[in-house]
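Asks: If you read the protein sequences in the order shown, they are chains U and E.
Count the first sequence with this note's numbering and you get residues 4 to 449, in order.
Count the second sequence with this note's numbering and you get residues 4 to 449, in order.
Hint data in this document are derived by calculation from the structure and do not stem from the laboratory.
Treat the hints with caution; some may be incorrect.
Intra- or inter-copy, both count: the list cannot distinguish identical chains.
Below 30 Å or equal to it, Euclidean Cα-Cα: the simulated DSSO-like pairs (lysine-lysine) are [said to hold, decoys possible]:
(1) Lys382 x Lys165
(2) Lys228 x Lys294
(3) Lys165 x Lys355
(4) Lys382 x Lys434
(5) Lys130 x Lys292
(6) Lys385 x Lys355
(7) Lys292 x Lys385
(8) Lys261 x Lys355
(9) Lys285 x Lys130
(10) Lys418 x Lys228
(11) Lys47 x Lys418
(12) Lys274 x Lys434
(13) Lys304 x Lys294
(14) Lys385 x Lys274
Since we're looking at a predicted model, the values are computed, not measured.
There are 2 protein chains.
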Amino acid sequence: MEIDQMESGANGAGGGGFRLARCWELLCSAAGMLRGKVVGFARKLGRIARDDPRRVAHSFKVGLALTLVSVLYYVRPLFNNWGVSTMWAVLTTVVVMEYTVGGTLCKGLNRAFGTLVAGFIAVGAHKVAYLCGDKAEPVLLAIFVFLLSSAATFSRFIPEVKARYDYGVTIFILTFSLVAVSSYRVDELIRLAHQRFSTIVVGVATCLCTTIFVFPVWAGEDLHKLAIGNLNKLAEFFEGIESECFRENATFENLEAKPFLQVYKTVLNSKATEDSLCNFAKWEPCHGKFKFRHPWSHYQKLGALSRQCASSMEALASYVITLTRTEYPEAHPELCLEVRTACRQMSLHSAKALRELSAAMRMVTLPSQANVHMSAAIKAAKGLRDELAEDADLVQAMHVAVIASLLSDLVTKTKQITESVDILARLARFKNPENTQKDVGINVVS
Amino acid sequence: MEIDQMESGANGAGGGGFRLARCWELLCSAAGMLRGKVVGFARKLGRIARDDPRRVAHSFKVGLALTLVSVLYYVRPLFNNWGVSTMWAVLTTVVVMEYTVGGTLCKGLNRAFGTLVAGFIAVGAHKVAYLCGDKAEPVLLAIFVFLLSSAATFSRFIPEVKARYDYGVTIFILTFSLVAVSSYRVDELIRLAHQRFSTIVVGVATCLCTTIFVFPVWAGEDLHKLAIGNLNKLAEFFEGIESECFRENATFENLEAKPFLQVYKTVLNSKATEDSLCNFAKWEPCHGKFKFRHPWSHYQKLGALSRQCASSMEALASYVITLTRTEYPEAHPELCLEVRTACRQMSLHSAKALRELSAAMRMVTLPSQANVHMSAAIKAAKGLRDELAEDADLVQAMHVAVIASLLSDLVTKTKQITESVDILARLARFKNPENTQKDVGINVVS
Numbered sequence: 004m005e006i007d008q009m010e011s012g013a014n015g016a017g018g019g020g021f022r023l024a025r026c027w028e029l030l031c032s033a034a035g036m037l038r039g040k041v042v043g044f045a046r047k048l049g050r051i052a053r054d055d056p057r058r059v060a061h062s063f064k065v066g067l068a069l070t071l072v073s074v075l076y077y078v079r080p081l082f083n084n085w086g087v088s089t090m091w092a093v094l095t096t097v098v099v100m101e102y103t104v105g106g107t108l109c110k111g112l113n114r115a116f117g118t119l120v121a122g123f124i125a126v127g128a129h130k131v132a133y134l135c136g137d138k139a140e141p142v143l144l145a146i147f148v149f150l151l152s153s154a155a156t157f158s159r160f161i162p163e164v165k166a167r168y169d170y171g172v173t174i175f176i177l178t179f180s181l182v183a184v185s186s187y188r189v190d191e192l193i194r195l196a197h198q199r200f201s202t203i204v205v206g207v208a209t210c211l212c213t214t215i216f217v218f219p220v221w222a223g224e225d226l227h228k229l230a231i232g233n234l235n236k237l238a239e240f241f242e243g244i245e246s247e248c249f250r251e252n253a254t255f256e257n258l259e260a261k262p263f264l265q266v267y268k269t270v271l272n273s274k275a276t277e278d279s280l281c282n283f284a285k286w287e288p289c290h291g292k293f294k295f296r297h298p299w300s301h302y303q304k305l306g307a308l309s310r311q312c313a314s315s316m317e318a319l320a321s322y323v324i325t326l327t328r329t330e331y332p333e334a335h336p337e338l339c340l341e342v343r344t345a346c347r348q349m350s351l352h353s354a355k356a357l358r359e360l361s362a363a364m365r366m367v368t369l370p371s372q373a374n375v376h377m378s379a380a381i382k383a384a385k386g387l388r389d390e391l392a393e394d395a396d397l398v399q400a401m402h403v404a405v406i407a408s409l410l411s412d413l414v415t416k417t418k419q420i421t422e423s424v425d426i427l428a429r430l431a432r433f434k435n436p437e438n439t440q441k442d443v444g445i446n447v448v449s
Numbered sequence: 004m005e006i007d008q009m010e011s012g013a014n015g016a017g018g019g020g021f022r023l024a025r026c027w028e029l030l031c032s033a034a035g036m037l038r039g040k041v042v043g044f045a046r047k048l049g050r051i052a053r054d055d056p057r058r059v060a061h062s063f064k065v066g067l068a069l070t071l072v073s074v075l076y077y078v079r080p081l082f083n084n085w086g087v088s089t090m091w092a093v094l095t096t097v098v099v100m101e102y103t104v105g106g107t108l109c110k111g112l113n114r115a116f117g118t119l120v121a122g123f124i125a126v127g128a129h130k131v132a133y134l135c136g137d138k139a140e141p142v143l144l145a146i147f148v149f150l151l152s153s154a155a156t157f158s159r160f161i162p163e164v165k166a167r168y169d170y171g172v173t174i175f176i177l178t179f180s181l182v183a184v185s186s187y188r189v190d191e192l193i194r195l196a197h198q199r200f201s202t203i204v205v206g207v208a209t210c211l212c213t214t215i216f217v218f219p220v221w222a223g224e225d226l227h228k229l230a231i232g233n234l235n236k237l238a239e240f241f242e243g244i245e246s247e248c249f250r251e252n253a254t255f256e257n258l259e260a261k262p263f264l265q266v267y268k269t270v271l272n273s274k275a276t277e278d279s280l281c282n283f284a285k286w287e288p289c290h291g292k293f294k295f296r297h298p299w300s301h302y303q304k305l306g307a308l309s310r311q312c313a314s315s316m317e318a319l320a321s322y323v324i325t326l327t328r329t330e331y332p333e334a335h336p337e338l339c340l341e342v343r344t345a346c347r348q349m350s351l352h353s354a355k356a357l358r359e360l361s362a363a364m365r366m367v368t369l370p371s372q373a374n375v376h377m378s379a380a381i382k383a384a385k386g387l388r389d390e391l392a393e394d395a396d397l398v399q400a401m402h403v404a405v406i407a408s409l410l411s412d413l414v415t416k417t418k419q420i421t422e423s424v425d426i427l428a429r430l431a432r433f434k435n436p437e438n439t440q441k442d443v444g445i446n447v448v449s
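Can you make the complete structure from the sequences, with help from the hints?
Replies: Below, the structure written as structure tokens:
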């Protein structure tokens, strides 16, 4: 028994040692995993910062603005009479400070005007309610709050209001409710409203100064750069397709991996960024190359055209990729050479025209050379059309062929959609229609 | 002279009468214009309300929630000890109340957790600063505010944080700055923080109750409906092109005015709505047909495929429209009949498959019939390909023809872009490059 105990003790000690080692191992691996995660996260942060260093600057700018406003609290002699109201300056700074100058201006002005208008109306509402006696006052005020906040909320569904004054309407509702609900006397209210408004102005002014004078980020400039970037991406597609598909020694090989067949995709998804930048750019004063009343809305039209062009590119790209997946038949040599030369001219000159446009936009000069390249591209397209027109049978076959092949491309896309819905139905455990019909049958029978 | 005076007097009187009449006319026309504007505006509001009556319900819900919270102010015995803090309940209600349940939940939870975390950290910061003595305290607190708000602002650039916790981070910065800046003692702070947090909870709870129990608008349901709507729109395009282009008596006439060639455009622009609905849907509890952990992200994949399909449709639509603009040549009768029949089969069955998918999604059943239609469409496409493959010359011509015609379509789109940049350059008064070169030349000479 003693031996047994000893053995079990030895076993226990051995087991304990083993367990300790195991624990240590687990701890080490956990630490390793944690370290890996931290390193991965740090790399991600580094990438975000490197992608656009202005983000780091913006973060420090927010810190700076907040610290500046906070210091106001400590400079007692200057702002002592404001008291708790200084809180509103801090609140304003946090909420109003946006990445772009236009965003900050939009929010700042919306906040200031929303507060002002709501303050006036609320004081008026208080006076009216006061006249109606002690009992009716709270009931009347509650009715006012209900009606005005409902009406203001509904106004946010008007697209124009939503685009430019959404934040102002929120602040309007907020201020009106706060003032209407507060049980101060009217003269006290006016003093308070005055204090609150001036602190908000101080907050907005601090934000604007930091955002305009410390590494400013102009929404207008970003919008201009976005348009230039889109033009360059479209040009890259033309250049890629020229060199990979229409050059003499072009092989159509390994196309799927080529970056030029992916580059137009970011253009397709640029609408949301463009809309918000355009909205903010309209609030900005003249700066750099951009004068007062710069035609910002026109960038949206240009963007829509760029996206249309990108979606045609998607159709072409998907056709070219399917073509390389099936064997590419050795085409009729003469016809092919002619068409190939014309295609090469079309893509080459279109690319040059787009590069010219983007260069002209970057330099803010008139794009005079682009039209020359464009004419050459159109001439090549027309030449091809005329040449083919000589062979009437071919033209007929061609029209039918294009429609048929675009349509069969659409069939492939629809098939992908069907598969996607199938996966969704399985993931979300949709019911089996037969079972449902059975259930209905049983219900009818019973 | 008297006569003169009299005449001028008469003139004056006549002129006065004339002026009065003119004024009256102007006033009338102004009133008429104003009336027209008011009527137009009212019609617009009516249209917005009719488009989605839930908007009206939402407006009244906001009014109701705000009135409920305001009433808390007046029920003195219950909430007397909260005092000014009740303001935070009103503030929370205004800011947190969103159109969808998911949006309100997202903002409400973000607000509550942001406040809680920031409150704890801020109290800790206060204790640390207090230990370092009277002089160092404000300096240390300012440094804390600067560092934490910069770091938190930078974290908003991480895509995952931006998508789900953006509002929470804003509230974190806000609360931390407010608490850090306030010059209360720590025990007083904790009492205040407790009050503030409970008022925020009351605000969030009021919002949630109103948003969930009074005509709830579920983001998940809207996302599901958006996907169904997109499928129906794609089906409509197939049906339209089948009836207008591939039927026996199809004329290809007046195609531009047909609605089916516009319907896919809303699908192309659905990404922003889809992303925000998907983000909110993830916050929602199970409701109606949707169980807990419904695969919401999959809707984004389905949406991306739908948009790809729509952009192929755009390419086909623009090709068909250009074709009708130039004369449509009478095509080779036999070939045309064969291809036309195949095209008709492809579009008919694709449309049926899409309708089947959308019906299955609406009923939340497995889309079993869609695969049958899809197979028929693919079979038609394959049959056409095989039939054409018999004539090797034709296939070769076809591939080249498709690429060439897609490319010439791209040239047309690029030309539109060139024109658009030209207009932009004129509107924004871009410089003439020659003048600039001259300027440079002069500068070099001087």
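Asks: Give a verdict on every hint.
Replies: Verification of the hints:
1. Lys382 x Lys165: For Lys382 and Lys165, neither the intra-copy (46 Å) nor the inter-copy (49 Å) Cα distance is at most 30 Å.
2. Lys228 x Lys294: within (16 Å within a copy, 44 Å between copies)
3. Lys165 x Lys355: neither (40 Å within a copy, 38 Å between copies)
4. Lys382 x Lys434: For Lys382 and Lys434, only the inter-copy Cα distance (28 Å) is at most 30 Å; the intra-copy one is 58 Å.
5. Lys130 x Lys292: So Lys130 and Lys292 fail the 30 Å test inside a copy (51 Å) and across (51 Å) alike.
6. Lys385 x Lys355: So Lys385 and Lys355 pass the 30 Å test inside one copy only (18 Å; across, 39 Å).
7. Lys292 x Lys385: neither (38 Å within a copy, 56 Å between copies)
8. Lys261 x Lys355: within (20 Å within a copy, 36 Å between copies)
9. Lys285 x Lys130: neither (38 Å within a copy, 46 Å between copies)
10. Lys418 x Lys228: For Lys418 and Lys228, the Cα distance is within 30 Å only across copies (21 Å; inside one copy 38 Å).
11. Lys47 x Lys418: neither (37 Å within a copy, 40 Å between copies)
12. Lys274 x Lys434: between (37 Å within a copy, 28 Å between copies)
13. Lys304 x Lys294: within (19 Å within a copy, 42 Å between copies)
14. Lys385 x Lys274: neither (32 Å within a copy, 37 Å between copies)
Hint compliance for this structure: hints 1, 3, 5, 7, 9, 11 and 14 are broken, all remaining hints hold.
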